[in-house]
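Line order of the protein sequences matches chains Y and X.
Heads up: the first sequence runs through residues 1 to 112, numbered per this note's numbering.
Heads up: the second sequence runs through residues 1 to 110, numbered per this note's numbering.
Source of the hints: derived by calculation from the structure; they are not laboratory data.
Where hints are given, some of them may not hold.
The list that follows gives simulated cross-link-like pairs (lysine to aspartate or glutamate, EDC-like), each with its CA atoms no further than 20 Å apart [as the list claims (entries may be wrong)]:
id, chain 1, residue 1, chain 2, residue 2
1, X, Lys70, X, Asp83
2, X, Lys69, Y, Glu105
3, X, Lys36, X, Asp83
4, X, Lys69, X, Glu54
5, Y, Lys16, Y, Asp63
6, Y, Lys16, Y, Glu83
7, Y, Lys78, Y, Asp56
8, X, Lys57, X, Asp18
9, X, Lys59, X, Asp83
10, X, Lys56, X, Asp18
11, X, Lys36, Y, Glu100
12, X, Lys51, X, Glu67
13, X, Lys36, Y, Glu83
14, X, Lys36, Y, Glu44
15, Y, Lys11, Y, Glu83
16, X, Lys69, X, Asp83
17, Y, Lys78, Y, Glu97
18, X, Lys51, Y, Glu100
19, Y, Lys78, Y, Glu68
20, X, Lys57, Y, Asp56
21, Y, Lys15, Y, Glu83
22, X, Lys56, Y, Asp63
23, Y, Lys71, Y, Glu50
24, X, Lys51, Y, Glu97
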Amino acid sequence: EAGVVQSPRYKIIEKKQPVAFWCNPISGHNTLYWYLQNLGQGPELLIRYENEEAVDDSQLPKDRFSAERLKGVDSTLKIQPAELGDSAVYLCASSLEAGELFFGEGSRLTVL
Amino acid sequence: GQQVMQIPQYQHVQEGEDFTTYCNSSTTLSNIQWYKQRPGGHPVFLIQLVKSGEVKKQKRLTFQFGEAKKNSSLHITATQTTDVGTYFCADPITGNQFYFGTGTSLTVIP
Chain Y
1 EAGVVQSPRY KIIEKKQPVA FWCNPISGHN TLYWYLQNLG QGPELLIRYE NEEAVDDSQL
61 PKDRFSAERL KGVDSTLKIQ PAELGDSAVY LCASSLEAGE LFFGEGSRLT VL
Chain X
1 GQQVMQIPQY QHVQEGEDFT TYCNSSTTLS NIQWYKQRPG GHPVFLIQLV KSGEVKKQKR
61 LTFQFGEAKK NSSLHITATQ TTDVGTYFCA DPITGNQFYF GTGTSLTVIP
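I would like the entire structure built from these sequences, with the hints used as guidance.
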């Protein structure tokens with residue numbers, strides 16, 4: 001069974017540029033999460049989807065971050081414009097209801 | 001923000017020594033999950049605890065859920081170099097969020 005797939009694995013951009021990350025969850029998983037992880041810290045939840053509905057986006061900086069989950073499957077996380085402080089690993093995870101989370105490899109963003 | 005705290009933040013042990021990390025919540029937890037993240041990797045699920053006072057074992061790893069369901073611990077007996085990584089507890093229910101603890105980074109010295 002395929003795991004959670006994320007792309008790109010690495011992205012280097014200059015500040016003020018846009019960037020997008022894509023996530024394909026495990027087939028059948030209705031819940032999808034986007035986390036941000038800074039070095040040496042735990043994952044911080046940005047947004048959680050139940051099917052196609054964003055049920056919790058309270059931690060998402062909405063002035064520059066946006067996300068969507070079309071048809072309740074794949075999801076995209078966008079940052080526009082990126083700032084230096086956005087450099088981090090962006091992790092996508094999926095689960096069945098509130099069961100164990102299955103994480104993707106992550107997308108490492110470096111903003112110069 | 002996060003509601004679960006872990007101690008210690010870092011732990012260095014000699015191979016063969018035991019290791020324990022503690023997870024403390026400000027609120028009563030419905031259940032708690034533990035994850036391990038290897039250096040450069042992503043978090044991987046280890047176990048879920050649901051019942052008050054529950055104890056579960058996975059080979060050299062022992063997980064415990066407190067009687068009041070506000071704390072949990074992970075104990076590793078006779079650490080090996082393969083145990084290196086950061087261990088996170090996670091609260092999957094409170095406020096319909098999925099909070100991760102601050103993590104304990106384990107270094108095993110051969």
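Consistency of the hints with the structure:
With a C-alpha separation of about 26 Å, the suggested pair Lys70 (chain X) and Asp83 (chain X) falls outside the 20 Å cut-off, and the hint is violated. Note on Lys69 (chain X) and Glu105 (chain Y): the hinted pairing is violated, with a Cα-Cα distance of about 31 Å set against a maximum of 20 Å. Of the pairs offered as hints, the one joining Lys36 (chain X) and Asp83 (chain X) holds, with about 9 Å between alpha carbons and a cut-off of 20 Å not exceeded. Between Lys69 (chain X) and Glu54 (chain X) the CA atoms are separated by roughly 9 Å; this keeps the pair inside 20 Å, and the hint holds.
Taken as a hint, the Lys16 (chain Y) and Asp63 (chain Y) pair is honoured in the structure, with Cα atoms around 13 Å apart against an allowance of 20 Å. A C-alpha spacing of about 6 Å is found between Lys16 (chain Y) and Glu83 (chain Y), which places the hinted pair at or below 20 Å, so the restraint holds. Taking the CA atoms of Lys78 (chain Y) and Asp56 (chain Y), the gap is about 17 Å. The hint holds against a cut of 20 Å. With a C-alpha separation of about 15 Å, the suggested pair Lys57 (chain X) and Asp18 (chain X) falls inside the 20 Å cut-off, and the hint holds.
Under the criterion of a C-alpha separation no larger than 20 Å, the hint pairing Lys59 (chain X) with Asp83 (chain X) is consistent with the structure, at around 12 Å. Under the criterion of a C-alpha separation no larger than 20 Å, the hint pairing Lys56 (chain X) with Asp18 (chain X) is consistent with the structure, at around 17 Å. Restraint check for Lys36 (chain X) and Glu100 (chain Y): satisfied, since their Cα atoms lie roughly 13 Å apart, inside the 20 Å limit. For the given pair, Lys51 (chain X) sits about 8 Å from Glu67 (chain X) by alpha-carbon distance, which is consistent with the 20 Å threshold.
Restraint check: the Cα-Cα separation between Lys36 (chain X) and Glu83 (chain Y) comes to about 30 Å, which exceeds 20 Å; the hinted pair is violated. For the hint pairing Lys36 (chain X) with Glu44 (chain Y), the CA-to-CA distance comes to about 16 Å; that is within 20 Å, so the pair holds. Using a Cα cut-off of 20 Å, the hinted pair Lys11 (chain Y) and Glu83 (chain Y) holds, with the two alpha carbons roughly 14 Å apart. Note on Lys69 (chain X) and Asp83 (chain X): the hinted pairing is violated, with a Cα-Cα distance of about 26 Å set against a maximum of 20 Å.
Of the pairs offered as hints, the one joining Lys78 (chain Y) and Glu97 (chain Y) is violated, with about 25 Å between alpha carbons and a cut-off of 20 Å exceeded. Between Lys51 (chain X) and Glu100 (chain Y) the alpha-carbon distance is near 16 Å, which keeps this suggested pair within the 20 Å criterion. For a cut-off of 20 Å, the pair hint linking Lys78 (chain Y) to Glu68 (chain Y) stands: about 9 Å separates their Cα positions. The straight-line distance between the Cα atoms of Lys57 (chain X) and Asp56 (chain Y) is roughly 34 Å, outside the 20 Å bound, and the hint therefore fails.
With a C-alpha separation of about 5 Å, the suggested pairing of Lys15 (chain Y) with Glu83 (chain Y) holds against the 20 Å cut-off. Of the supplied pair hints, the one linking Lys56 (chain X) and Asp63 (chain Y) is violated, its CA atoms being roughly 44 Å apart against a limit of 20 Å. Under the criterion of a C-alpha separation no larger than 20 Å, the hint pairing Lys71 (chain Y) with Glu50 (chain Y) is consistent with the structure, at around 11 Å. Restraint check for Lys51 (chain X) and Glu97 (chain Y): the C-alpha separation of about 19 Å stays at or below 20 Å, so the hint holds.
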